[in-house]
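Trainee: These are the residues of each chain, in order.
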Amino acid sequence: MAVAEQPRELASRNWTAALHDWVTTVDHKKIGILYVVMAVIFLVIGGCEALLIRWQLLVPRNDFLGPDVFNQLFTMHGTTMVFFMGMPILIGMGNYVVPLMIGTRDMAFPRLNAMGFWVTLFGGLLVYFSYATGGAPAIGWFAYAPLTERTFSRTAATDLWALGLIVSGIGTTTAAINFIATILGMRAPGMTLRKIPFFTWTMLWTSVQIVIALPPLTAILIMIVFDRNLGAHFFDTQNGGSALLWQHLFWFFGHPEVYILILPVFGMVSEIVPVFSRKVLFGYEFMAAATAAIVFISLGVWAHHMFAVGMSRTEDLFFVVSSLLVSIPTGIKFFNWLATMYGGRISFASPMLFVAGFLSMFLIGGLTGIMLAAAPWDFQLTDSYFVVGHFHFVLIGGTLFGVFAGIHYWFPKVTGRMLSERLARWQFWLLYVGFNLTFVPMHVSGILGMPRRIYTYDADRGWDFWNQLTTVGALVQVPSFVIFVVNVIWSLPRGEPAGDDPWNAWTLEWTTTSPPPSYNFEEIPTVRSRRPLWDLKHPDDPDWNYE
Amino acid sequence: MSPVLLLAAGGQAAQDLSTFDPVSPPAESIRNLSLLVLAITGFIFIVVEAVLITSIVRFRQRHGNDAAEPPQVYGSQPIEIAWTVAPALIVMVIVLVTTRTLWEVNVKPPEAKPGDNALYVTVVGRQWWWEFDYGQYNGRSLGFVTANELHIPASVEDVARPVYLNLKSADVCHSFWVPRLAGKTDLIPGRTNQMWFQTAERGLFLGQCAEFCGPQHANMLLRVVVDSPEDFRKWLENQQKPAVEEASARDGKAAFLAQSCINCHRVRGTRAAGNYAPDLTHLMSRQTLASGMIPNDPDGKNLRDWIANPQTIKPGCLMPAFGLSDRDRDRIVDYLRTLR
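Quick mapping for you: the protein sequence lines, in order, are chains A and B. Under the working numbering, the first sequence is numbered contiguously, ending at residue 547. Under the working numbering, the second sequence is numbered contiguously, ending at residue 340.
Be careful, since some hints might not be right.
Covered by chain A, per the in silico footprint, the following chain B stretches (three or more residues, Cβ under 8 Å) [said to hold, decoys possible]: (1) 54 to 62; (2) 133 to 140; (3) 210 to 220; (4) 299 to 313.
Sample of chain A residues with no beta-carbon within 10 Å of chain B, all distances over it, derived [as the list claims (entries may be wrong)]: (5) 188; (6) 394; (7) 499.
These are calculated hints, taken from the structure and not from any lab test. No experiment lies behind these values; they were computed from the predicted model shown. Think of the CB as a built atom: it goes at the ideal place given N, C-alpha and C, for glycine as much as any other residue.
Put together the whole structure using the sequences plus the hints.
Mentor: Given below as structure tokens:
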């Protein structure tokens, strides 16, 4: 190990020593915490950007923000939430949990792991540095060419945006490679690939997807930097470049990205539903196969973001079919979660409460996805507020609710303290109500013809009422996030002591102390089934008889 | 609050832009598809949420039953196959109806020929306004250019009057969207896309650019005016004429031609031949200014304000304020107001 173990009290007494410890750490658990803390900070920043956007759209022809500021805000909101909140928080949670789950002492490449985190953070800072140069990029997170060419976006903000994403992409890629190496090479004795915990399985496939999907993004980012700074013409349509090339390559990354943001959450849900239903995960093999199927199919659906670009009907049809096919393995997952709950004895402690929220709302995001996949209807819905409603149901109703479930689930392991259930319930219900109030009306305003990314609208269009509901909903969500942060800060010193295994769970992380020592396990455990702790707790009826 | 704002917006009644209120075959086909898909997904939604809520209520942990673990069920191949096949069948149904609608909506436009009653217009998206280059109507070449308000003829009884658009962009990506007429089609630089619609319903149909295209994307508004065939014919005749020459506006015309207006704008029949900004030949035949933002009032008040300082009305737009003297500005406005 590169860093000597420090006694806890000493570290907390000496501020600089603690700082030194966190900055130089290569411990997967500390890096995981760093990722999550960074992501939560970016979540707050991105959330504030969203609130400003909503305040501007509260009334027609509002002059709270001008067009430039508004366009910068939605660009930064999207970029922040996808690259500096969504991916880092999942990578961070995976970082913390995966080595513990598979019974090993660290990630395969601890120094690369540390580099991945710092590079991701610097990428984020680089993008935000654009504010210091006079303003953020105003190109949308999808940055369609040729609006990003120097002719149309003249400030350095677009360059900083592209460079920041290239840099953070290096971090994401190293994290993915690290997960693949760790999961394939460092599992506890006896833990064959068919016996790995489901969250680990989804982290493996997410990583595979990152490795496949991120290079095209890096490539086009480099190309646009060349266009802007070295006089290349890849996307410069006035000099023979192609606007469509950007869209194809961007969505070849951008659609798998959605699954990168949801697959680990599927994994968390697949851990939490069984533990809180007191039943083994129903249909593990089918769930596992469905995960792999989602990864492969989702690599061939990208142009459903581009139905309106004027492709031929045959091309449209190809992407209709592939996009609808994704719904089959996703459905399999959903039905298996329900089957796991069915006949169980479900306790609605905070992790399961968030999972219930996840299940009830991710379903809606999935079904509106089917509507968008029906290409002709997409001609109406694409680039309208309906799409904004749809993907927030997937990314908040899905990813964020799942992430909160995971945080409430593993917080006792990470800190040794329980989060306050009472505050967790307030957080959940405010978020649940506020979220629906924000995003259900967006579907309506989209159907009523309101396009995305407009900084204002006329009063005569019939959109004001729906926009007011949306803004009120956004305000209702605010206290929920405040309560979450308060709960974490309050529970760290004062929460009820958790013990090693507060949820009576079944995977290896619950065998070690809370928080785990830097070496994780005194003795590397040996595994015979998917639920090693079930075997331990039920020696008369172990799982390996059934797998 | 909203009645007040409505008054502020010029007393217009609320406009209908609903995709569920189609007046043209492509938009109708899409609405029919959407109702079917909505029914299917609505059914799935109700069934799955019902199962979820039932499980939550029925299998909730209660006091007194927390002793033993419930029976462990590891899975079931027949059940898994069932809930793989059932969604696959639903997907198949959706694919079939989607294909049918796709073939109805995306139609390659026929060649223009005499007696076809069809209108062909080339739409050029520009930051942040629309250029309409009228090609043919009923097989006849038209050859004039206008902006922001697309006039089309209404279909009457059994005479369909389809409108075929060629969509191009002069700068960045845009998207043509008038929800009640058809779905969106993007305008992409370096490409020519096509779309069509036709309607028997006369009146005004609103839309706007639906692809983010820079600072004033929100105000790249779009108006389609559906005229009766006779009104449309009159409108065409007027548009095809060169700009009117009124003796009373001679001073204004001279002032206009002496300013840099003519570098970007065109007035047919004069030496103002710019092709970068909206064609002004028949400016006063349009209802609005600044691509649908403000009414083009007959008194010219808005026109005067617009010329004085376009950046306060449409911040970031590509027309600068030229700092004209009040006298020059008034003369130019007087001239432009004659361009009916």
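Trainee: Indicate, hint by hint, whether the structure satisfies it.
Mentor: We went through each hint and held it up to the structure:
1. Counting residues of the region 54 to 62 of chain B whose beta carbon lies closer than 8 Å to any beta carbon of chain A gives 5, which reaches the threshold of three, so the coverage claim holds.
2. Using a Cβ-Cβ cut-off of 8 Å, 0 residues of the region 133 to 140 of chain B lie near chain A, which falls short of the minimum of three, so the contact claim is violated.
3. Counting residues of the region 210 to 220 of chain B whose beta carbon lies closer than 8 Å to any beta carbon of chain A gives 10, which meets the minimum of three for the stated coverage.
4. Counting residues of the region 299 to 313 of chain B whose C-beta sits closer than 8 Å to any C-beta of chain A gives 0, which falls short of three, so the coverage hint is violated.
5. Non-interface call for residue 188(A) relative to chain B: holds, since the shortest CB-CB distance, roughly 22 Å, exceeds 10 Å.
6. Residue placement check: residue 394(A) keeps its beta carbon more than 10 Å from all beta carbons of chain B (closest about 15 Å).
7. The claim that residue 499(A) lies off the interface holds: its Cβ sits roughly 18 Å from the closest Cβ of chain B, which is beyond the 10 Å cut-off.
Checked against the numbered hints given earlier, the structure breaks hints 2 and 4 and satisfies all the rest.
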